[in-house]
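*Asks:* Protein sequence lines correspond, in order, to chains A and B. The opening residue of the first sequence carries number 1 in the numbering used here; numbering runs sequentially from there. The opening residue of the second sequence carries number 1001 in the numbering used here; numbering runs sequentially from there.
Keep in mind that the hints were calculated from the coordinates and are not lab data. Quantities reported herein were computed from a predicted structural model and do not represent experimental measurements. Incorrect hints may have been included.
[As the list claims (entries may be wrong)] Using 35 Å as the maximum straight-line C-alpha spacing, the simulated DSBU-like pairs for lysine-lysine come out as follows:
# : chain 1 : residue 1 : chain 2 : residue 2
1 : B       : 1149      : A       : 46
2 : A       : 9         : B       : 1149
3 : B       : 1149      : A       : 154
4 : A       : 154       : B       : 1051
5 : A       : 88        : B       : 1024
6 : A       : 268       : B       : 1024
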Amino acid sequence: MPPRTLFQKVWDAHVIEQLPGDNALLAIDRIIAIEITTPQPAAEIKERFGDRYFDLSSIVAIIDHVSPAKDTETAVQGQALRTWAKEKGVVFYDIGNNGICHVVTPERGWVEPGITLICGDSHTCTHGAFGAYALGIGSSVQCGAMLAGAIIQKRPKVIRINVSGKLLPSATAKDLALTVIATLGFQGGTGAVLEYHGTAIQALSMEERMTLCNMAIEAGASTGIVEPDETTIEYLRGREAQPKGEAFESKAAHWRTLRADPDAVYDKTIDIDGSAIRTMVSWGTNPGESVSIDARVPDGDAASLEYMGLRAGTPMRGIEIDQAFIGSCTNARISDLRAAAEIFKGRKVSVPTIVTPGSQAVKRQAEREGLHDIFQDAGALWTHSSCGPCLGMSMGVVAPGMRIISSTNRNFRNRMGTGGRVHLATPVVVAASAILGRIATPDELPAEVPA
Amino acid sequence: MIVAGSVIALNQENLDTDQMYPGKYLSLITRKGLGHLLFEAFPRGHELLEKNPGASIFVTGENVGCGSSREHAVWALADWGIRAVIAPSFARIFHENCYSNGVVPVVLTDKAALDECFSAKTLEIDVDDEIIRKDGREIAHFELDPLRKDFILHGGFLEYMNTKVDVVRAWRAAALSSRA
């Protein structure tokens, strides 16, 4: 057999048969069913296919986007998922025990190396951090997978992203993600999987790998994927959905074999020097429109500049903001909150600031560590877990014209509220900016005020 | 199958699904009757809809449908009356969602032909023969995925998946026994 990429090994292990037009029938191991995109396919299966499912044990249901309900529509939606999950007997995370599906699924151990996983949410690429083929899909494809245990796909191309060297202490996985997108372009990954390699990737924690893979879709890529290693195995050991003892060790032994062959051929290779990664911030209306925080607003797309209310040449540092948000499937895991808390400690925010943990488990851990006190002492609003304002659904959307610095993944027009202007950044940049009321890095902050 | 009708042209790259269907309406659990929410938070798009009632073909720029996987965007387009989208490139999930809902996704990279589409009042898309005509004149060929084209012409993406259940079960059983 010719040498293969990691992605190709996972793909090949799931091809059931070839179909016309270069398509493959691809077996799906795990379906994450969320309240936003599951009621429609569930109704379809009931009405048209006698309520027959391929394998209910492959499904994990999570109340995810709006938690708890904020109005009648979201109450109906949550109840639709709840009733369905209980009736079908699928694993279900209800409010109180839930969070953002891309945080809950890994922390409970439902994703693992070598599997195929789908969810009706574009940020499903997050799970590629584990060496899984993880794909965001629409409700119809989810319906087909619930019915037949498979999807139809053309094999994507594979772009190797080599990140050599070592990230500086000031550079985070989010900065790396934004650099990859700015390098490839917002559409540069279309039709491809981004396979991350290199010493800087190997050095990332699982939470950092999730942040990196989370934004693969923002380069248009189908997903991202990272080789599983001891970091992956140690993360999964002891998680709720994983077996214990010998059974786990035998799975881990298989995971260790999931590596790209040394001579594997890629459709394209991008080399990035890890030590050259700088703190990034977005200026425009898609994540590809990002620059180093030390740069000036570029002479970019006129419509983006107009929407954002920015002039080319203005230094990114110093742009005044109206609100700050730390949350989302990109940057609301415990390590993100710890990093932000370091900045908030002993300081006060100067603009409305919301900190929303990625899951209820993250919330409880943060509170055990006293992080909630640090956020609240600083004057930030500490909430329960939800997608919140990231996609403009609840809990802190902005008004037209308001400028928000956010640890989320999309700075699209109207995304976090109609007319809202979003700057994407890392949790520590969001925290420093919240304190100073303008786009800033932690090194600009005056020394900590003694308590 | 012929999709013929008047055209809505929005010459913009990266028209994401948040613009087509705002996140705040993702709380609706139906797939029907969402047309009135199309472009609801996107003034330019909304004006175009008002100026072009009854249009059935939507022409736009590169990377249409990027961002969120929400199939609501295609449900809203289809419910409003759009039966085909013409663009130089499609984001992956949106592309698939178009096929799943019988909205013809026409990838048209030829710049001159695309310009003709942008300036057209009406167009005719011959789905069977994969040809676009303007004023009775052939202006471009395009290619559909043969398998998914069949879903558009004869419906039945889910019916097709349903025919695969036994194949997938047999494959699963074989995979399990080879592991044991």
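*Asks:* Please go over all the hints and tell whether each is borne out by the structure.
*Replies:* Each hint tested on the structure:
1. With a C-alpha separation of about 26 Å, the suggested pairing of residue 1149 of chain B with residue 46 of chain A holds against the 35 Å cut-off.
2. Among the hinted pairs, residue 9 of chain A with residue 1149 of chain B is consistent with the structure: their alpha-carbon atoms are about 29 Å apart, no more than 35 Å.
3. The hinted pair formed by residue 1149 of chain B and residue 154 of chain A meets the criterion: a straight-line CA distance of about 14 Å does not exceed 35 Å.
4. Taking the CA atoms of residue 154 of chain A and residue 1051 of chain B, the gap is near 38 Å; set against the 35 Å cutoff, the hint is violated.
5. A C-alpha spacing of about 28 Å is found between residue 88 of chain A and residue 1024 of chain B, which places the hinted pair at or below 35 Å, so the restraint holds.
6. About 38 Å separates the Cα atoms of residue 268 of chain A and residue 1024 of chain B, which puts this hinted pair outside 35 Å; it is violated.
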